[in-house]
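Residue numbers (this note's numbering), protein chains in the order written: chain L, 1 to 507; chain R, 1 to 507.
These are computed hints drawn from the structure, not numbers from a lab. Watch out, some of these pointers could steer you wrong.
One copy or two, it doesn't matter: identical chains are merged, so the pair holds either way.
To be verified - Distance condition first, Cα-Cα at most 30 Å in a straight line; then the derived BS3-like pairs of lysine-lysine:
| no. | residue 1 | residue 2 |
| --- | --- | --- |
| 1 | K87 | K264 |
| 2 | K87 | K271 |
| 3 | K87 | K429 |
| 4 | K271 | K65 |
| 5 | K429 | K65 |
| 6 | K383 | K429 |
| 7 | K271 | K429 |
| 8 | K429 | K264 |
| 9 | K264 | K65 |
| 10 | K87 | K383 |
Everything numeric in this text was worked out from a predicted model, so none of it was measured.
Protein chains: 2
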Amino acid sequence: MRDLASDVLLTDQYQLTMAQVYFRAGLHERPARFEHFFRSYPDYGAHQAGYAVTAGLRTFLDWLKGAHFDPFEIDPIAGHPTTTGDKMFSPDFLDWLGEHADFSALRLTAIPEGRVVHPGVPLTVVEGPLILCQLVETALLNHLNFETLIATKASRLWEAARGGNVLEFGARRAQGSGAHSVVRAALIGGASGSSLVGRSYELGFLPRGTHAHSMVQAFMALGMGELGAFSAYADVYPDDCLLLVDTIDTLESGVPNAIAVFEKLAAGGHKPLGIRLDSGDLAYLAVRSAAMLDAAGFGDTVIVLSSELDEITIRQIIEQILDESHRLGTDGDAIVRRLVYGVGSRLATSQGDPYLDGVYKLAAIEDRGEWVPAIKLSDTPAKVLTPGAKRAWRIYDERGLATADLLALADENPSPPLELHHPSQAGTKRRLGAERVSELEELGEPVQLEGRPTPHEEILAAQARRLADLERLDPGVRRLVNPHVYHVSLSPRLARLKQELIGSWSD
Amino acid sequence: MRDLASDVLLTDQYQLTMAQVYFRAGLHERPARFEHFFRSYPDYGAHQAGYAVTAGLRTFLDWLKGAHFDPFEIDPIAGHPTTTGDKMFSPDFLDWLGEHADFSALRLTAIPEGRVVHPGVPLTVVEGPLILCQLVETALLNHLNFETLIATKASRLWEAARGGNVLEFGARRAQGSGAHSVVRAALIGGASGSSLVGRSYELGFLPRGTHAHSMVQAFMALGMGELGAFSAYADVYPDDCLLLVDTIDTLESGVPNAIAVFEKLAAGGHKPLGIRLDSGDLAYLAVRSAAMLDAAGFGDTVIVLSSELDEITIRQIIEQILDESHRLGTDGDAIVRRLVYGVGSRLATSQGDPYLDGVYKLAAIEDRGEWVPAIKLSDTPAKVLTPGAKRAWRIYDERGLATADLLALADENPSPPLELHHPSQAGTKRRLGAERVSELEELGEPVQLEGRPTPHEEILAAQARRLADLERLDPGVRRLVNPHVYHVSLSPRLARLKQELIGSWSD
Numbered sequence: 001m002r003d004l005a006s007d008v009l010l011t012d013q014y015q016l017t018m019a020q021v022y023f024r025a026g027l028h029e030r031p032a033r034f035e036h037f038f039r040s041y042p043d044y045g046a047h048q049a050g051y052a053v054t055a056g057l058r059t060f061l062d063w064l065k066g067a068h069f070d071p072f073e074i075d076p077i078a079g080h081p082t083t084t085g086d087k088m089f090s091p092d093f094l095d096w097l098g099e100h101a102d103f104s105a106l107r108l109t110a111i112p113e114g115r116v117v118h119p120g121v122p123l124t125v126v127e128g129p130l131i132l133c134q135l136v137e138t139a140l141l142n143h144l145n146f147e148t149l150i151a152t153k154a155s156r157l158w159e160a161a162r163g164g165n166v167l168e169f170g171a172r173r174a175q176g177s178g179a180h181s182v183v184r185a186a187l188i189g190g191a192s193g194s195s196l197v198g199r200s201y202e203l204g205f206l207p208r209g210t211h212a213h214s215m216v217q218a219f220m221a222l223g224m225g226e227l228g229a230f231s232a233y234a235d236v237y238p239d240d241c242l243l244l245v246d247t248i249d250t251l252e253s254g255v256p257n258a259i260a261v262f263e264k265l266a267a268g269g270h271k272p273l274g275i276r277l278d279s280g281d282l283a284y285l286a287v288r289s290a291a292m293l294d295a296a297g298f299g300d301t302v303i304v305l306s307s308e309l310d311e312i313t314i315r316q317i318i319e320q321i322l323d324e325s326h327r328l329g330t331d332g333d334a335i336v337r338r339l340v341y342g343v344g345s346r347l348a349t350s351q352g353d354p355y356l357d358g359v360y361k362l363a364a365i366e367d368r369g370e371w372v373p374a375i376k377l378s379d380t381p382a383k384v385l386t387p388g389a390k391r392a393w394r395i396y397d398e399r400g401l402a403t404a405d406l407l408a409l410a411d412e413n414p415s416p417p418l419e420l421h422h423p424s425q426a427g428t429k430r431r432l433g434a435e436r437v438s439e440l441e442e443l444g445e446p447v448q449l450e451g452r453p454t455p456h457e458e459i460l461a462a463q464a465r466r467l468a469d470l471e472r473l474d475p476g477v478r479r480l481v482n483p484h485v486y487h488v489s490l491s492p493r494l495a496r497l498k499q500e501l502i503g504s505w506s507d
Numbered sequence: 001m002r003d004l005a006s007d008v009l010l011t012d013q014y015q016l017t018m019a020q021v022y023f024r025a026g027l028h029e030r031p032a033r034f035e036h037f038f039r040s041y042p043d044y045g046a047h048q049a050g051y052a053v054t055a056g057l058r059t060f061l062d063w064l065k066g067a068h069f070d071p072f073e074i075d076p077i078a079g080h081p082t083t084t085g086d087k088m089f090s091p092d093f094l095d096w097l098g099e100h101a102d103f104s105a106l107r108l109t110a111i112p113e114g115r116v117v118h119p120g121v122p123l124t125v126v127e128g129p130l131i132l133c134q135l136v137e138t139a140l141l142n143h144l145n146f147e148t149l150i151a152t153k154a155s156r157l158w159e160a161a162r163g164g165n166v167l168e169f170g171a172r173r174a175q176g177s178g179a180h181s182v183v184r185a186a187l188i189g190g191a192s193g194s195s196l197v198g199r200s201y202e203l204g205f206l207p208r209g210t211h212a213h214s215m216v217q218a219f220m221a222l223g224m225g226e227l228g229a230f231s232a233y234a235d236v237y238p239d240d241c242l243l244l245v246d247t248i249d250t251l252e253s254g255v256p257n258a259i260a261v262f263e264k265l266a267a268g269g270h271k272p273l274g275i276r277l278d279s280g281d282l283a284y285l286a287v288r289s290a291a292m293l294d295a296a297g298f299g300d301t302v303i304v305l306s307s308e309l310d311e312i313t314i315r316q317i318i319e320q321i322l323d324e325s326h327r328l329g330t331d332g333d334a335i336v337r338r339l340v341y342g343v344g345s346r347l348a349t350s351q352g353d354p355y356l357d358g359v360y361k362l363a364a365i366e367d368r369g370e371w372v373p374a375i376k377l378s379d380t381p382a383k384v385l386t387p388g389a390k391r392a393w394r395i396y397d398e399r400g401l402a403t404a405d406l407l408a409l410a411d412e413n414p415s416p417p418l419e420l421h422h423p424s425q426a427g428t429k430r431r432l433g434a435e436r437v438s439e440l441e442e443l444g445e446p447v448q449l450e451g452r453p454t455p456h457e458e459i460l461a462a463q464a465r466r467l468a469d470l471e472r473l474d475p476g477v478r479r480l481v482n483p484h485v486y487h488v489s490l491s492p493r494l495a496r497l498k499q500e501l502i503g504s505w506s507d
């Protein structure tokens with residue numbers, strides 16, 4: 001079934017008005033190149049990310065596959081009035097859209113999903129007829145900006161959790177159907193599962209979850225109490241028994257009742273899974289609950305933490321557990337190892353910075369068989385573009401760690417020694433001798449539109465790329481707060497072109 | 001076509017696991033009542049909202065209509081394994097879902113979309129078989145929390161714009177398909193249009209937009225310059241000519257080129273629409289551009305502002321324009337009247353507070369023909385629930401302004417004089433004599449599942465409700481920063497019930 005909102009008309013009105021101008025000016029089939037990049041890392045208030053994780057390409061490709069103009073889409077456009085009551089779009093233009101707007105004519109190059117990426121570096125490059133490049137802009141930005149934002153947040157949570165599992169629980173407060181993108185991007189960024197049922201199955205993952213307060217409340221109201229609720233749950237799921245213990249009082253009621261139920265399960269040969277804490281001082285309650293579970297012989301159960309978690313809270317909870325355990329003479333590391341983190345709203349909405357400032361800009365257009373670089377100056381200096389068709393390279397140093405990304409013109413093949421120019425401060429540069437460069441890796445890859453692996457396989461591949469990239473990233477860049485700045489530089493030729501074009505248009 | 005992710009399995013795994021517990025315990029058809037409310041107004045960092053605007057009910061009802069368990073949905077659930085490799089869900093439970101999970105058995109009461117609402121007040125009440133109430137939780141929260149969040153943000157932008165049009169431009173950085181909810185909620189909250197094409201048509205609104213920098217860049221790269229781009233645009237849209245003037249230099253290039261094109265249009269009998277400013281100091285550029293347009297005889301063109309706008313920035317831009325105009329001796333009010341605001345990312349993601357903390361809680365459950373109130377205590381005091389089946393009333397004072405909302409038990413019919421109890425501080429109360437109450441209005445209304453108006457009519461009705469409610473809201477509560485606190489109080493009986501239940505479970 002066609003969906004007016006989600007298919008090819010997931011686009012901004014100005015893409016259509018510009019398309020008709022290109023058509024009328026005879027520029028619609030002119031080869032053009034657009035580059036998609038973000039300007040700055042997500043900045044969550046007091047803490048800015050030091051790297052991002054790219055995601056969303058497949059979601060965009062799935063959209064692209066279904067994008068075509070049928071009468072279903074063309075009819076409402078055809079009726080769009082001008083201010084004087086004429087038709088905004090003329091029949092010959094609409095006919096062209098219906099007959100010739102074939103998006104398979106686009107060539108895409110992209111940095112594969114899951115890779116660590118940095119500002120100003122083209123994540124996705126679209127080449128083809130100007131009109132088609134323009135018509136995919138909104139959907140491309142919508143899908144890639146958001147999934148990259150969430151994969152980045154998930155990766156930070158994963159770093160904070162020090163190997164503990166992070167589960168995505170955010171659908172109830174996610175931004176509408178953005179919840180579906182959240183699940184996929186969170187998995188790419190390091191989450192090990194999601195609570196959202198249909199979307200998880202669609203992606204080949206098992207949804208995760210046990211019970212809510214409402215179940216305990218219902219049993220309480222009916223006179224069966226918290227223990228009755230826990231027992232009923234254990235009866236149905238004897239081998240998957242994980243109990244939410246804070247409906248009345250965590251340490252006085254929830255944990256003792258859970259232990260009573262666990263003892264019955266154990267007596268029946270079942271292994272209880274653990275408990276979930278959802279309110280109060282989670283660090284303190286985790287230490288105390290762990291001690292009670294240990295004393296009852298359930299030292300191998302997990303403790304799931306939830307309630308407004310983010311990467312900074314997780315880090316602080318771990319620190320506090322280690323401190324308190326040290327004071328109490330217990331094994332804090334053992335407690336931390338049994339923690340699982342259920343992260344909802346703050347992951348699903350990237351709380352603190354809910355959008356990535358990704359843009360999609362004309363880099364070059366063909367004229368008489370040559371690529372002509374495009375520029376935009378702007379009254380806001382940070383919005384001045386680096387012009388021209390570009391490729392991005394990652395430079396690995398003598399330790400094998402990524403030390404900088406290098407933007408060069410598309411026809412350059414840089415090799416060490418390298419001269420690295422600052423992207424906006426003209427004249428500022430540094431040299432990197434051949435002895436300091438162990439590898440130079442091109443980041444973009446041609447995108448295959450057909451014969452792609454399953455959604456599940458693509459996520460696993462992206463997860464592997466992310467882990468490999470993090471291995472080769474300086475620990476200072478991976479810091480959660482105040483990370484070391486990773487450099488993105490220009491080649492000498494690209495730096496020169498930028499200065500020349502700024503000069504020629506500023507006169 | 002069924003959509004695994006969006007239909008009935010837009011639910012969290014724990015709704016299914018709890019459903020099976022209810023089924024096994026014989027509680028699945030027990031009448032229950034859940035109430036949906038939010039705990040606090042959106043808080044955008046330095047400024048917290050003083051009211052919210054409810055939205056999303058229709059989106060949830062559309063979901064509900066398509067929610068049923070077919071083999072398509074049941075098959076993946078049936079395959080879900082336990083930790084020991086057994087099946088998590090048993091065939092008799094799955095059969096029940098397929099045969100008896102009929103969501104039309106639910107009775108809904110809701111505060112209609114577009115109304116001004118406050119924390120703790122039930123926005124949506126769901127009554128029916130416990131298992132069905134539970135299974136709709138995730139979708140209800142997903143749709144209503146997000147649209148309410150965005151309608152609230154849009155209403156703040158509308159307040160800041162002082163009657164100027166606010167256009168929603170956010171799809172490119174919206175949270176994935178959350179963009180579709182944004183359009184609808186923004187329209188309910190006060191936006192006068194959106195750039196998103198398919199979704200706008202679906203809702204019966206015309207999408208809005210003109211052209212981007214890329215069009216100017218393309219003409220520049222091909223040697224035709226900014227003037228060539230503007231002329232080409234004006235040729236195609238002589239009666240809808242609105243030009244983006246900041247690609248090179250707003251005052252030195254963009255505005256003069258726009259005026260040149262406008263003069264040709266005017267000579268041909270056309271009326272140019274205006275310009276758009278997208279970078280730099282928007283207030284300064286608006287004052288200067290307005291003067292240039294006035295001098296050229298285009299005083300009735302609009303000036304569209306865009307670039308990271310939010311309600312505080314809009315307010316400051318207006319203040320700055322009025323100040324500067326006063327200094328320059330020009331008519332600042334006339335400039336402000338011609339402004340239009342294109343608001344993107346910060347509206348579409350509710351930047352500053354990207355999720356509403358709405359919850360859906362069991363309020364009561366039937367036992368032997370009686371409603372038994374449900375309670376949850378929690379280790380976090382703010383999470384303690386007000387128990388029981390409740391109805392909400394709005395109290396209007398002698399001026400006809402809303403002065404407080406009153407929560408009472410569902411079987412109460414409050415009438416003045418009123419005793420208003422603080423929702424969490426036991427014993428704190430105030431009296432409102434009959435002479436100070438001009439009207440007592442029940443807020444919830446039964447929801448019709450069938451025979452509803454078109455999406456367009458529903459949005460218009462919601463817009464009208466919002467305007468009527470704002471007319472009757474204290475101006476202090478409408479302030480953008482540091483609003484006066486609107487009170488939500490409990491009836492004496494409800495306050496007493498809450499204390500009794502807390503006492504009985506805390507012993």
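Enumerated hints in conflict with the structure, sorted upward | Of the numbered hints given earlier, those the structure breaks are 3, 4, 5, 7, 8, 9 and 10, listed in rising order.
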